[in-house]
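Student: Sequence:
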Amino acid sequence: MGVSERKKREFAKREDDILSCAIELFRTKHPSLVKMDDIAKHLEIGRGTIYLHFKSKDDLMARIQYEDYVRLRKRLEMALDEKTAIEMSRRAIRAYIEHCLGDKHMYVVAKQCGVNLNIDNVSEDLRKMLTEERSNRLSLLERIYKQAKQENLINSRGTYPNVAVAWGMIRGAVEVILDGHFQNEIKSEKAYLDTIEHVLFFGLFSGGNKGET
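Residue -4 is where the sequence shown starts when you use my numbering, and the numbers rise one by one after that.
Since the hints were derived computationally from the structure, they do not count as laboratory data.
Ideal Cβ placement from N, Cα and C applies to all residues, glycine included.
Heads up, a few of these hints could be off.
What the hints assert, rightly or not - When the alpha-carbon atoms are kept at most 30 Å apart in a straight line, the in silico DSBU-like pairs for lysine-lysine are as follows:
| hint | residue 1 | residue 2 |
| --- | --- | --- |
| 1 | Lys8 | Lys106 |
| 2 | Lys185 | Lys144 |
| 3 | Lys50 | Lys123 |
What the hints assert, rightly or not - Distance windows between CB atoms, simulated:
| hint | residue 1 | residue 2 | range |
| --- | --- | --- | --- |
| 4 | Lys2 | Glu77 | 29 to 37 Å |
| 5 | Ser(-1) | Lys144 | 51 to 59 Å |
| 6 | Thr154 | His37 | 42 to 50 Å |
| 7 | Phe197 | His37 | 44 to 52 Å |
| 8 | Arg9 | Leu148 | 48 to 56 Å |
| 9 | Ile40 | Gly198 | 53 to 61 Å |
| 10 | Gly153 | Lys24 | 36 to 44 Å |
| 11 | Gly163 | Glu77 | 21 to 29 Å |
| 12 | Ser27 | Ala7 | 23 to 31 Å |
| 13 | His37 | Gly153 | 46 to 54 Å |
Based on the sequences and whatever the hints tell you, model everything.
Tutor: Structure representation (structure tokens):
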């Protein structure tokens, strides 16, 4: 291995260490309370070294959010392996919920990073990456929606109103768990997932199971 290649690997390793350290600190403290000095102290490196990788804490938080977006999109992509729109939708719902609840702390950290970062203080390249990843995720959901429309399963209210409402409902269902509501009442995660699917596909009141198969 040449000197140049070794330095690149060391640089990449140090960047991963910075991200991992920041995530661990954000797990125990709100991101707004963690300073770059805190990260440098934990890693026993100079603060200037961190700035070689991230121009600001906003850049660091944006990177954490971006990588969480990528992990989510890769999970959602597996839904495209299904044959029907219903099965695609079911798998996408499960993938999203498993992403959020499989590592609740990581989900919360990424969400807090997104809420607290100043996007104007994020590097242009990273802003572009975030925008493109969001577009990738929306395109994926739109493919599922179009498949459902081809199968005559969708109303005529338009792609994004339907996708946005469904996405909002699922996110809200996840937040109920993360915020600690109904901890004593919701005994089974499987039953909770089944209920989310039922409400999305058939509505809260089924009208005597009309239309349910």
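Student: Now, for every hint given, state plainly whether the structure supports it.
Tutor: Results of checking the hints against the structure:
For the suggested pair Lys8 and Lys106, the alpha carbons sit about 25 Å apart, so the restraint of at most 30 Å is met. Restraint check for Lys185 and Lys144: the C-alpha separation of about 28 Å stays at or below 30 Å, so the hint holds. For a cut-off of 30 Å, the pair hint linking Lys50 to Lys123 stands: about 16 Å separates their Cα positions. Under the hint 29 to 37 Å, the C-beta atoms of Lys2 and Glu77, about 45 Å apart, miss the expected range.
At about 52 Å, the CB distance of Ser(-1) to Lys144 agrees with the hint of 51 to 59 Å. With their beta carbons about 45 Å apart, Thr154 and His37 fall inside the hinted range of 42 to 50 Å. Restraint check, Phe197 to His37: a C-beta distance of roughly 50 Å satisfies the suggested window 44 to 52 Å. Here the CB-CB span from Arg9 to Leu148 is close to 50 Å, well matched to the stated 48 to 56 Å.
Taken as a hint, the range 53 to 61 Å holds for the pair Ile40 and Gly198, whose Cβ atoms sit roughly 55 Å apart. Take Gly153 and Lys24: their Cβ atoms lie about 42 Å apart, and the range 36 to 44 Å holds. Between Gly163 and Glu77, the C-beta spacing of about 23 Å keeps the proposed range 21 to 29 Å intact. Judged by the Cβ atoms, the range 23 to 31 Å given for Ser27 and Ala7 holds: they are separated by roughly 28 Å.
In this structure the hint that His37 and Gly153 lie 46 to 54 Å apart at CB holds, the actual value being about 49 Å.
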